[in-house]
Amino acid sequence: MGILPLQGTRVLDLGTYIAAPIATQTMADLGAEVIKIESPQADFLREIGGPLAPLREGAEHDRHYNRRPWFNELNRGKFGMVLDLTNPAGVEAFKDLVQISDVVIENYSPRVMENFGLQYPALRQVRADIIMVSVSAFGATGPQRYRMGFGPNIDAASGLTYLTGYANGPPIKPGNYFSDFFAGLHAGFATLAALNHRRRTGRGQHIDLSMREVDTMILGDALMDVAMNERVQTRIGNGHPSMAPHGCYRCQGNDQWVTIAVGADEEWRRLVKTMGSPKWADSPFFSTKVKRWENRDELDSYVSEWTRGQDRDEVMASLQRAGIAAGAVHDIEEIVDNPQIRHRGYFSLVEHPEIGPAPIRNLPWTLSSTPVSVQAPSPTFAQQNDLVFRELLGFNSQAIETLYSERATTAVPLQPKQA
Amino acid sequence: MRQGALSTIKVLEATTSVAGAYCGKLLAGCGAEVVKIEKPGAGDPIRGYGPFPGDAPHQEKSGLFLHLNTGKKGITLDLQTQASATIFKDLARNVDVVLEDFQPGLLEGLGLGYETLSNLNPRLVMTSVTSFGQTGPYRDLKTTELTTFALSGYMDLTGTPDREPLKTWGFLGNYTGGVCAALGTMSGLEARDLTGIGQHIDASVFESMLILLGMPPFEYKYSGEVQKRAGNDAPGTDVSHMVSKLLPCRNGYVQFHTPPPGMLQLLTGDPRLEEPDLSREEYDKLFLSWLMERDKEEIAARGQELRIAFVEVPDPGELVRDPQHEARGMFCEVDHPVAGSLSHPGAPFLMSETPWKTERAPLLGEHNEQVYRDELKYSSDQLVRLRQLAII
Numbered sequence: 001m002g003i004l005p006l007q008g009t010r011v012l013d014l015g016t017y018i019a020a021p022i023a024t025q026t027m028a029d030l031g032a033e034v035i036k037i038e039s040p041q042a043d044f045l046r047e048i049g050g051p052l053a054p055l056r057e058g059a060e061h062d063r064h065y066n067r068r069p070w071f072n073e074l075n076r077g078k079f080g081m082v083l084d085l086t087n088p089a090g091v092e093a094f095k096d097l098v099q100i101s102d103v104v105i106e107n108y109s110p111r112v113m114e115n116f117g118l119q120y121p122a123l124r125q126v127r128a129d130i131i132m133v134s135v136s137a138f139g140a141t142g143p144q145r146y147r148m149g150f151g152p153n154i155d156a157a158s159g160l161t162y163l164t165g166y167a168n169g170p171p172i173k174p175g176n177y178f179s180d181f182f183a184g185l186h187a188g189f190a191t192l193a194a195l196n197h198r199r200r201t202g203r204g205q206h207i208d209l210s211m212r213e214v215d216t217m218i219l220g221d222a223l224m225d226v227a228m229n230e231r232v233q234t235r236i237g238n239g240h241p242s243m244a245p246h247g248c249y250r251c252q253g254n255d256q257w258v259t260i261a262v263g264a265d266e267e268w269r270r271l272v273k274t275m276g277s278p279k280w281a282d283s284p285f286f287s288t289k290v291k292r293w294e295n296r297d298e299l300d301s302y303v304s305e306w307t308r309g310q311d312r313d314e315v316m317a318s319l320q321r322a323g324i325a326a327g328a329v330h331d332i333e334e335i336v337d338n339p340q341i342r343h344r345g346y347f348s349l350v351e352h353p354e355i356g357p358a359p360i361r362n363l364p365w366t367l368s369s370t371p372v373s374v375q376a377p378s379p380t381f382a383q384q385n386d387l388v389f390r391e392l393l394g395f396n397s398q399a400i401e402t403l404y405s406e407r408a409t410t411a412v413p414l415q416p417k418q419a
Numbered sequence: 420m421r422q423g424a425l426s427t428i429k430v431l432e433a434t435t436s437v438a439g440a441y442c443g444k445l446l447a448g449c450g451a452e453v454v455k456i457e458k459p460g461a462g463d464p465i466r467g468y469g470p471f472p473g474d475a476p477h478q479e480k481s482g483l484f485l486h487l488n489t490g491k492k493g494i495t496l497d498l499q500t501q502a503s504a505t506i507f508k509d510l511a512r513n514v515d516v517v518l519e520d521f522q523p524g525l526l527e528g529l530g531l532g533y534e535t536l537s538n539l540n541p542r543l544v545m546t547s548v549t550s551f552g553q554t555g556p557y558r559d560l561k562t563t564e565l566t567t568f569a570l571s572g573y574m575d576l577t578g579t580p581d582r583e584p585l586k587t588w589g590f591l592g593n594y595t596g597g598v599c600a601a602l603g604t605m606s607g608l609e610a611r612d613l614t615g616i617g618q619h620i621d622a623s624v625f626e627s628m629l630i631l632l633g634m635p636p637f638e639y640k641y642s643g644e645v646q647k648r649a650g651n652d653a654p655g656t657d658v659s660h661m662v663s664k665l666l667p668c669r670n671g672y673v674q675f676h677t678p679p680p681g682m683l684q685l686l687t688g689d690p691r692l693e694e695p696d697l698s699r700e701e702y703d704k705l706f707l708s709w710l711m712e713r714d715k716e717e718i719a720a721r722g723q724e725l726r727i728a729f730v731e732v733p734d735p736g737e738l739v740r741d742p743q744h745e746a747r748g749m750f751c752e753v754d755h756p757v758a759g760s761l762s763h764p765g766a767p768f769l770m771s772e773t774p775w776k777t778e779r780a781p782l783l784g785e786h787n788e789q790v791y792r793d794e795l796k797y798s799s800d801q802l803v804r805l806r807q808l809a810i811i
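One line per chain: the protein sequences are H and B, in this order.
Positions 1 to 419 (my numbering) are the ones given, in order, by the first sequence.
Positions 420 to 811 (my numbering) are the ones given, in order, by the second sequence.
One or more of the hints may lead you astray.
Think about it this way: if two alpha-carbon atoms lie no more than 30 angstroms apart in a straight line, the pair counts; the simulated DSS-like pairs of lysine-lysine are [said to hold, decoys possible]:
| hint | chain 1 | residue 1 | chain 2 | residue 2 |
| --- | --- | --- | --- | --- |
| 1 | B | K429 | H | K291 |
| 2 | H | K289 | B | K458 |
| 3 | H | K291 | B | K796 |
| 4 | H | K273 | B | K561 |
| 5 | B | K429 | B | K796 |
| 6 | H | K289 | B | K561 |
| 7 | H | K279 | B | K561 |
None of these hints come from the bench; they were simulated from the model.
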């Protein structure tokens, strides 16, 4: 294997759920040594992370918490170990690791690191140039810093949910857990910028990332409208401030849809031609871009009439041939098996000791001279405990045994819940 | 004054998409010197996007442009003219990063592809961010934000089951592609510090959006279940207290995760809400009547006191007065010679050593003199000529 962009960088990942793990997943893909440190109760996603993958034939162990697809996708390529940071011996071992690491990243509520006594000033005493990344719902400072929030809460609290929804309907949250992913990607970017800075100056720092503030970037133009016009924008469904038709239209079959976006007159003429030049399209109501937008509801019903009896992919293909931005609404199944995705090798399989080949996602960019591809599966619970204690920290067998007996670490999750 | 984290990095940005511009904004915010190339006269098409003060379109007053281009310098260059290739090469020779979002193949056609530029500047990291990347059967599809939303599958996860799939507000997909392109650019810069040579980063908005699908593609592999849009109910959660809800209250909406057993009674004082065989409809009705007598701020504060994840759903007008945003300095006043003084969203994250930069967006061609004459050492005569020929 060739040189990887982040080789030689060691990252301690205290992340749980999604946001911080997305950041460290990227760093692991790029060649960093990421050590995921779980609490003795295990990452929550080992319990709720989706349907269990079946046990590989001939697997040595049958441990359900190692077979959750969420956990395994988010943590591929990382080492896994367990430390109880409420235990003084656990904190000591963690500080030993900080001494030999470049980055510490966590996404607890701000009071958790305070309770551990592991805020940035404390880590900095252990290693002066450490880069600490704190990802939280509302940020590490301010009157709402202790507020609780998970992905959809943040999308709501950021204003993104308020603006999303069908025209005249209630707010609707973006699919799944948008802010977790968006914040995690930004945390990764900020960490790489801090590493770049440290290489030049020798100085580490603390990154305080509020998931809600990251979401705010997307609202830039709506917030500028407030600043410019004191206007509060609202929900417009699939519509557009100036383009029409611009929407999602039903096609033949069950829940089959195609999106069509048309702006300039030239595009409109090509759409009309592709639709077979229907009479209604000659109406003066649709003769200019502005008129089409003003009469967009009526226009939408005409376009729907045209798409309704047709095959979704054929509508997309004929419009694309005419140079019009049309796209089929794919479902999850169609994404898993999609020609573009296959061509780019976006999904691949890594060999997991208890599952066999496990599906993972690759980076959404390629690198021409230092190509990266995911090399290792996610860790089983506590998989690299002894490797870290022995090889990285140089503990002897007796010291390691003491960590187990004092419950600073464990090989199996405490109070395991039933699957 | 303290400098940004990337203050030694120089970027040449030739973009017209939100994804490309947001990538450049992130680099500029971290202190990189980003010089944005725009077409003479017309400028970046995003200059034509609203909002505008008083709804009067003006090249220097586009709210979207002002937001996406903070901290950048602006020059003009018409890449359709023959003479421009030499100038573009002069610019690319002196930078660490070329960031572009043209239709794949367009720059190669102008003799400005990665091969050519890397011969001139072997340390160059070139980031191309496009809808689908530089290869594959979708490469040349015509797209807008709506198209990539549909094709990525994210649209099928947003909206209610009884209606059409829904695009989220704004350019969420493009912003996601933008941050991935910025991460990709950083990965190229990090590799360069190890190898001494640059490389071509080929970033795809479509693939970036696939990250947002989260776990359904991986669950599908084992359960065979194709997850679909479920309105405000979070799909794919098999633990009852994680069910996401959004309900109206007296002055707007609140959003929350259904709290663990016992907590709703604590919140509302109504024991019926804890009955195990309560139907979803009855639950909504009982709870709704309690919510409709209260304001969202009060409900969120009371919920949070009980350590349950309740939030109010603010509108953009409320956000600019939000106490948490105020305490953390989310918004900053930016003075612009044409658009005036406007409150902009500031830093997406706070770095203790290297402050984020939110300086105003450039005027069209504002830094032509500085870049072409002072940095590239073109003569004043040359500049006049380039201007007369509408090359810059």
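Report task. Run the structure past the numbered hints and jot down the numbers of the failing ones, going up. Result -> Result: hints 1, 3 break, sorted rising.
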